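Starting from the structure of chain A, add chain B where the hints point.
From first to last, the protein sequence lines are chains A and B. Note that the first sequence covers residues 2 to 502 in the working numbering. Note that the second sequence covers residues 900 to 1074 in the working numbering.
Treat the hints as calculated values from the structure; they're not laboratory data. Incorrect hints may have been included.
Claimed, not checked - Covered stretches of chain A (chain B as the covering partner; in silico rule of three or more C-beta atoms under 8 Å from a C-beta of chain B):
(1) 180-191
(2) 414-428
(3) 451-462
Keep in mind it's a predicted model, so treat the numbers as computed, not measured. Where is the CB? At the ideal position from N, CA and C, for every residue including glycine.
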Amino acid sequence: MKIKRILIANRGEIAVRIMKTAKLMKIETVAVKTAVEPNAMYLSSADVIYDNTDDISEIPVFLDIEKLISIALKAGANAIHPGYGFLAENAYFAQKCIDNKIIFIGPSPDAIYKMGNKTIARKIALAGGIPMAMGSEGNIANEEEAIVIAEKIGYPVIIKAASGGGGRGMRIVRKTEEMEKMFIIASKEAEKAFNDPSVFVEKYIENPKHIEFQILGDTKGNVIHLGERECSIQRKHQKLLEEAPSPALDDKLRKRMGDMAVQIAKAVDYHSAGTVEFLLDSDRNFYFMEMNTRIQVEHPVTEIITGLDLIEQQIRIANGEELKFKQSDIRLKGWAIECRINAEDVQAGFAPDPGKIENLHMPSNPCIRVDTGVQTGSSIVASYDSMIAKLIVRGKDRKDCIKNCKMALDKVWIKGTKTTLPFFRMLVRHKKFQDGTFTTSFIEKDLDKYYFNSEYEEMLAAWLATKLFVEENLNDDSINVNFEHGKVMSPWLLNKRINQF
Amino acid sequence: MANEKLQIKKLYALSSENKKFSFSLPLKHTIRIGKRDYEVQLKADEKFGTYILWKNRKYPVEIVRSSQNKYEILFNDISYTFTVETPFSLQRKKVLNSRLGKVEKEFIRAPMPGKIIDVLVREGSIVQKGESLVILEAMKMQNEILSPVNGIVERVTAKPNTNVMKDDLLVEIKL
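Only chain A is shown next, with the shape it has when bound in the complex (with noise of 0.2 Å):
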């Protein structure tokens, strides 16, 4: 093995994730400590931790490609991962990485820029006969030019951004009137998250699937898919929940969309592991829409299906190695379901609820996996995204799967923030999940309700809030609670103690 010593140019759950396959290939691991979060979890995974903590910049490490390719020189790592999101798909970064003979764990600097500017891949795959939905030629200056397209290819349109991904910088447009103000809400969260503003236009497909392919590529030219996923449980285009396979697809579709993933991961001459996304309409009809060039958040389900490691197979790729497999040699086996356990408030419209992790217990079972980069006392700060923990439930088939992942999520215990918990637990029990038939629009048309809370559970607590008044108003009988055992006191603790002086 070449690759000796990874910096993780990265945090999180994803920092943990890659140097738990990397401490099994015996490889090393370098992580970065920020003063963000100088006690994060995924600091204890690492063979050697980069103190960062006196760095005054503006910008996060994460972001900072100087400083990354320093870091790494001076740690003595000779390969870097970047996981996702951060530099994950900057060209810029694969290239420096390789003018400092440092092994980029991920494709090659061509490869990003070309799938990573939406424009260019349009035309890649145009040029190779993929079908996709009619948009602008490439970019769009200004709402003039968005009217004109829309009005030619016919409203409802999206605006996407150039160098977009991850699903900021989107936004549908419906009307000519709303061309104005959506254009300047997609250009300027383009411009903040990519740093460029550019914006195109296409047809926007109503109620469609999100499927997308795994790809697997070496350097050698071989290049294979790991069958798909489906991601259509998103809001505002952040996915939610992911599984594999996708009830949509039979074997036939699944081979048609795969061999045409798998083309426009040759066209670029692809290598690493990628992601071909499509979205399939109620005729299924398929139409490509981006390439990610990166591992994905949602990898884990595959890994299940699949059997293979991911990561692993993301560094033997960058080591040099040859697949060591084919793609008549991939059965997927069972299925798989991860839910993203966000710091949100369902009840406010999934607003970021940021704020210490006071007590994390995940259940521990042979059909659940969590992937997490926090423990009880961790921060979720709000600087990074709101992921707590990826919750992966495994079944036989998807009727079991869903029965596991239903007991899995009643045996979840976070105390400190508010959660998506409630969401998935409606979600698990809705009939139009249960059925497979839901679509990307799900949440916006087929929810009335976005949690889910048992018959009893408002009695109980309207129970609990008659008790604490009767305890503060009434001094009726006592609470039967030891609170010098617990470090934090819950603030009704701390409210009776306050009243008993």
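Then chain B, alone, in the frame of chain A:
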């Protein structure tokens, strides 16, 4: 309160959606479902924090806020707000509510801390329910703050490129 105390036989917890739960005093540590009473236990320990044990299952609970007779409770990751009323205060509330006029103003506040990216209305703008007022960036996402009502913008306190805290006033709308 002291005078009332002797006479109170019942308390009511009113939810924000005006659901009424009544509990007789002294408050029992059981809740009746059908013909059976089930014990409710309020507990706390280091491992789980504060929780309610009911029908062999633990539910995480947290008192988010309490002031006077108003309680915001987080129960199994869901927030509930109750006002606890005695039979007298409930009666008084009913009388007061019938006398009170309608709300005339709507105060739009920041739902989360963040940075104001754009303000899409100005004083005097006529807004429809669902129209965006302000774009607030928080945790890397741009969020549109929508008007919950139809009305006329009376005051705009949000300024582009400034940071706001949760619950800061952004826009005032006259109904």
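Taking the hints in turn, this is what the structure says about them:
With a cut-off of 8 Å between beta carbons, the segment 180-191 of chain A has 5 residues touching chain B; three or more are needed, and the interface restraint holds. Only residues whose beta carbon comes within less than 8 Å of a beta carbon in chain B count, and the segment 414-428 of chain A has 7; three or more means the coverage holds. Three residues within the 8 Å Cβ limit are the bar, and the segment 451-462 of chain A against chain B gives 8, so the coverage statement holds.
Of the numbered hints given earlier, the model fails none.
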